[in-house]
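When you get a sec, could you build the whole thing from the sequences and use the hints?
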Amino acid sequence: MRTNGTGTQGSVDRRGLLKLVGGSTAALGLTAAGCGGGSGSDGGTVTIRYAWWGSDDRAKRINQTIELFEKKHPKIKVKTDFQPYLDFWKKFNTQASGGNPPDVFQNAVGFLRKYDAKNVLLDLGGQVEAGNLRMDGFRAGLDTFGEVDGRLLGVPVGSNSMALVIDEKVFGKAGITPRPGWTWEEFHAALAKIRDTQGRAGDSGMYGVMYLYDLHLRQHGKAFFTPKGLGFTEADLTDWWTKALQGVRAGTYSDPKKVSQVKPKAALSAGLSACEFTWDNFTIRYTSEGKSEYGLAPVPTTDGKRTGQYLGSLMLSASKRTKHPEEVARFIDFMVHDPEVATIMGYDRGVPATTAQYEAFKPTDPVNKKIAAYEQQLVDSGVLEQITPHPAGADIAEAAFLRIAEEMALGKSSVAEAVRQFFSESKTALGS
Amino acid sequence: MTPVQTPTAAALPTGDAAGPGPGRGGAAEERSGPGARRRARRENLAGYLFMSPWIAGFALLTAGPMIASLYFAFTDYNLFDAPRWIGLKNFTDMFADPRWRHSVDVTLWYVVVGTPLKLAAALAVALLLNQKRRGQGFYRAAFYAPSLIGASVSIAVVWRAIFSDDAIVDRAQRSLLGMDVGGWIGDPDWIVYSLIALTMWQFGAPMVIFLAGLKQVPRELYEAAEVDGAGPWRRFWNITLPMISPVLFFNVLLETIHSFQIFGSAYILGGQAGGTCGPADATLVYTCYLYVQGFENSRMGFASAMAWMLLLAVGLVTAVLFWSQKRWVHYEEAAR
Numbered sequence: 001m002r003t004n005g006t007g008t009q010g011s012v013d014r015r016g017l018l019k020l021v022g023g024s025t026a027a028l029g030l031t032a033a034g035c036g037g038g039s040g041s042d043g044g045t046v047t048i049r050y051a052w053w054g055s056d057d058r059a060k061r062i063n064q065t066i067e068l069f070e071k072k073h074p075k076i077k078v079k080t081d082f083q084p085y086l087d088f089w090k091k092f093n094t095q096a097s098g099g100n101p102p103d104v105f106q107n108a109v110g111f112l113r114k115y116d117a118k119n120v121l122l123d124l125g126g127q128v129e130a131g132n133l134r135m136d137g138f139r140a141g142l143d144t145f146g147e148v149d150g151r152l153l154g155v156p157v158g159s160n161s162m163a164l165v166i167d168e169k170v171f172g173k174a175g176i177t178p179r180p181g182w183t184w185e186e187f188h189a190a191l192a193k194i195r196d197t198q199g200r201a202g203d204s205g206m207y208g209v210m211y212l213y214d215l216h217l218r219q220h221g222k223a224f225f226t227p228k229g230l231g232f233t234e235a236d237l238t239d240w241w242t243k244a245l246q247g248v249r250a251g252t253y254s255d256p257k258k259v260s261q262v263k264p265k266a267a268l269s270a271g272l273s274a275c276e277f278t279w280d281n282f283t284i285r286y287t288s289e290g291k292s293e294y295g296l297a298p299v300p301t302t303d304g305k306r307t308g309q310y311l312g313s314l315m316l317s318a319s320k321r322t323k324h325p326e327e328v329a330r331f332i333d334f335m336v337h338d339p340e341v342a343t344i345m346g347y348d349r350g351v352p353a354t355t356a357q358y359e360a361f362k363p364t365d366p367v368n369k370k371i372a373a374y375e376q377q378l379v380d381s382g383v384l385e386q387i388t389p390h391p392a393g394a395d396i397a398e399a400a401f402l403r404i405a406e407e408m409a410l411g412k413s414s415v416a417e418a419v420r421q422f423f424s425e426s427k428t429a430l431g432s
Numbered sequence: 001m002t003p004v005q006t007p008t009a010a011a012l013p014t015g016d017a018a019g020p021g022p023g024r025g026g027a028a029e030e031r032s033g034p035g036a037r038r039r040a041r042r043e044n045l046a047g048y049l050f051m052s053p054w055i056a057g058f059a060l061l062t063a064g065p066m067i068a069s070l071y072f073a074f075t076d077y078n079l080f081d082a083p084r085w086i087g088l089k090n091f092t093d094m095f096a097d098p099r100w101r102h103s104v105d106v107t108l109w110y111v112v113v114g115t116p117l118k119l120a121a122a123l124a125v126a127l128l129l130n131q132k133r134r135g136q137g138f139y140r141a142a143f144y145a146p147s148l149i150g151a152s153v154s155i156a157v158v159w160r161a162i163f164s165d166d167a168i169v170d171r172a173q174r175s176l177l178g179m180d181v182g183g184w185i186g187d188p189d190w191i192v193y194s195l196i197a198l199t200m201w202q203f204g205a206p207m208v209i210f211l212a213g214l215k216q217v218p219r220e221l222y223e224a225a226e227v228d229g230a231g232p233w234r235r236f237w238n239i240t241l242p243m244i245s246p247v248l249f250f251n252v253l254l255e256t257i258h259s260f261q262i263f264g265s266a267y268i269l270g271g272q273a274g275g276t277c278g279p280a281d282a283t284l285v286y287t288c289y290l291y292v293q294g295f296e297n298s299r300m301g302f303a304s305a306m307a308w309m310l311l312l313a314v315g316l317v318t319a320v321l322f323w324s325q326k327r328w329v330h331y332e333e334a335a336r
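Chains as they are written, first to last, in the UniProt record's numbering: chain A, 1 to 432; chain B, 1 to 336.
No false leads were slipped in.
Pairs of lysine to any residue residues, derived as SDA-like cross-links and limited to a Cα-Cα distance of at most 25 Å, are as follows:
1) A/60 to A/285
2) A/90 to B/156
3) A/90 to B/62
4) A/79 to A/95
5) A/118 to B/82
6) A/265 to B/152
7) A/320 to A/83
8) A/263 to B/155
9) A/291 to B/162
10) B/326 to B/254
11) A/258 to B/157
12) A/320 to B/296
13) A/91 to B/61
14) A/228 to B/83
15) B/89 to A/424
16) A/90 to B/296
17) A/258 to B/168
18) A/263 to B/162
19) A/258 to B/162
20) A/412 to B/180
21) A/263 to B/166
22) A/427 to B/102
23) A/265 to B/153
24) A/263 to B/295
25) A/263 to B/158
If you're looking for bench data, these hints aren't it; they were derived computationally from the structure.
Encoded structure:
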């Protein structure tokens with residue numbers, strides 16, 4: 001700084017500076033205040049916040065549906081936000097705990113009771129009565145899928161089912177044609193045949209997939225979850241994982257070391273296995289990820305009939321703290337019923353949940369056709385059952401199941417240790 | 001970094017008052033009495049105002065949350081419901097939790113193996129760069145570069161690709177050593193070494209400090225030793241090492257503390273998949289587990305307790321290091 005001998009110049013400068021500092025602090029305060037007003041109404045126009053998880057492709061489709069919605073509802077503006085699955089829930093959890101969740105968001109069954117218990121979810125029943133949200137015209141009993149104790153906490157957008165996704169080329173070359181009602185013995189014989197003739201593991205390693213173990217348990221009259229906790233015993237799991245370890249050692253399941261390295265690619269699309277138990281709409285992802293052709297096969301059974309399958313679905317939920325429940329209800333109504341939305345979204349979030357949307361989008365590409373045919377066949381053959389409610393903390397138990405199964409398969413813990421660890425962690429997570 | 005900033009910021013107003021030139025500080029105050037005192041007060045005020053962003057930041061972003069987390073450490077807190085006081089239960093749960101003990105093992109292994117290797121690499125390169133040779137400026141910059149980018153997410157992603165099955169490291173290992181581990185990233189016993197390698201590669205910061213230390217060693221000592229017939233190894237062991245031991249101590253201290261706090265590279269190298277860190281939790285370092293408990297399992301009380309436990313452990317290690325320096329750190333003043 002230049003000093004001019006009198007000393008006054010300097011202090012004026014400093015005073016000027018102080019003003020500047022004060023001014024910018026005020027400006028900062030204003031900006032902060034501006035950021036705080038995320039959702040609100042302005043001159044009759046209402047802004048709602050909508051958040052979901054998914055890929056860029058899904059984001060593109062959703063943004064198109066929002067444009068369509070805003071055109072038809074000029075008084076409602078929609079602000080969007082999306083992340084990949086895991087990041088979405090971390091962000092949502094933080095926002096919800098801070099009392100600032102999005103007005104409407106994508107939800108899944110594993111989180112329904114969790115956030116209901118935390119008082120985050122709005123009962124949309126009132127909006128149904130007010131006529132802002134129609135709950136008729138849903139397929140295969142999906143209208144009650146998002147209900148907890150008679151309250152409507154989520155509205156299904158598209159159904160999907162656990163399935164056996166297969167590498168059709170490898171199955172063809174091995175000469176295996178899975179038929180409905182095939183048994184686990186036949187399934188394991190097929191895996192061994194693929195290992196022996198095709199030089200790769202039969203299955204990616206199904207022992208850590210919670211939703212598949214759920215089907216297996218259902219075939220025995222149990223289920224993974226009860227509304228309060230776990231629906232199986234330590235002896236059940238010991239049996240399941242002991243057989244799994246034998247499969248890993250025998251090479252009928254993929255080498256878990258290799259599976260963990262190809263992440264985020266799936267073992268099936270990376271060519272490490274010939275089939276994988278997962279949601280039927282994942283066939284779309286595997287087709288874009290992998291080099292082969294992928295299709296859907298029936299889930300093996302214990303008694304030759306019962307697969308234990310049910311339709312699952314992503315949902316749209318509203319937050320209890322929203323200032324605009326009516327607009328949110330109209331938004332959800334539009335997203336699940338409008339036929340044009342269906343033509344934009346395709347089967348990205350599963351087969352559309354309402355008949356109106358189901359009729360509006362008829363797939364032309366082979367993969368989407370396979371998915372539609374698979375779900376139609378599930379409905380026609382009458383194997384579909386009802387999903388058991390997932391208790392609060394189910395998401396954490398599911399993650400622990402996958403992780404501990406992997407540790408066991410990698411030989412880092414014995415089956416007995418793994419089972420003990422899983423039951424101990426689940427007890428903490430489910431509070432039972 | 002905070003302790004380094006503190007004295008600088010605190011020194012601001014006094015430095016200003018003691019500064020030269022008319023209209024400033026003590027000299028002016030003696031000359032013209034109360035008016036100048038008022039001015040001095042105003043200058044102090046200005047000083048504090050200039051500090052205020054830092055003070056506010058420290059109070060709101062560091063001190064406040066720290067006090068809050070100390071309280072949460074003794075509660076059951078899931079972010080939604082009010083924290084419930086449970087005394088020492090988080091701490092007893094911690095010691096009973098096999099996953100917590102595993103994360104401690106992983107972290108200790110990483111600190112004990114990784115830190116000396118990184119410092120050895122830094123010292124070795126510093127010794128090379130301390131020689132008079134053409135283009136040393138370029139080499140210094142080149143060797144420092146990895147530590148500028150090494151901590152970034154993208155490098156951890158690249159590292160993951162390099163050490164995967166059938167990638168460059170795996171192939172080299174197979175053809176040169178005839179050993180096939182099928183990629184380090186997927187192997188619970190190997191992945192930690194790729195993490196250590198990533199850390200070693202970022203030796204730039206301690207290297208620069210070593211280099212500064214090496215420049216301070218008087219030439220005469222080496223000349224005298226050479227006259228007495230001491231070889232290069234002996235000169236390194238008996239002159240260089242004792243002379244740079246204060247710098248070595250500083251680096252050991254800093255790198256040890258840093259290593260305990262490693263998070264980003266372990267989290268990404270391990271691959272993010274629903275609450276895990278690496279195959280069979282092989283890169284589940286302490287802070288990764290803290291993050292999993294806090295943000296994925298919503299157990300903020302437990303995570304806070306873990307954070308304070310880490311602070312205690314790092315404090316203890318630091319104290320031990322300070323106590324040990326009497327035995328091996330050589331200060332010139334003390335020798336005189």
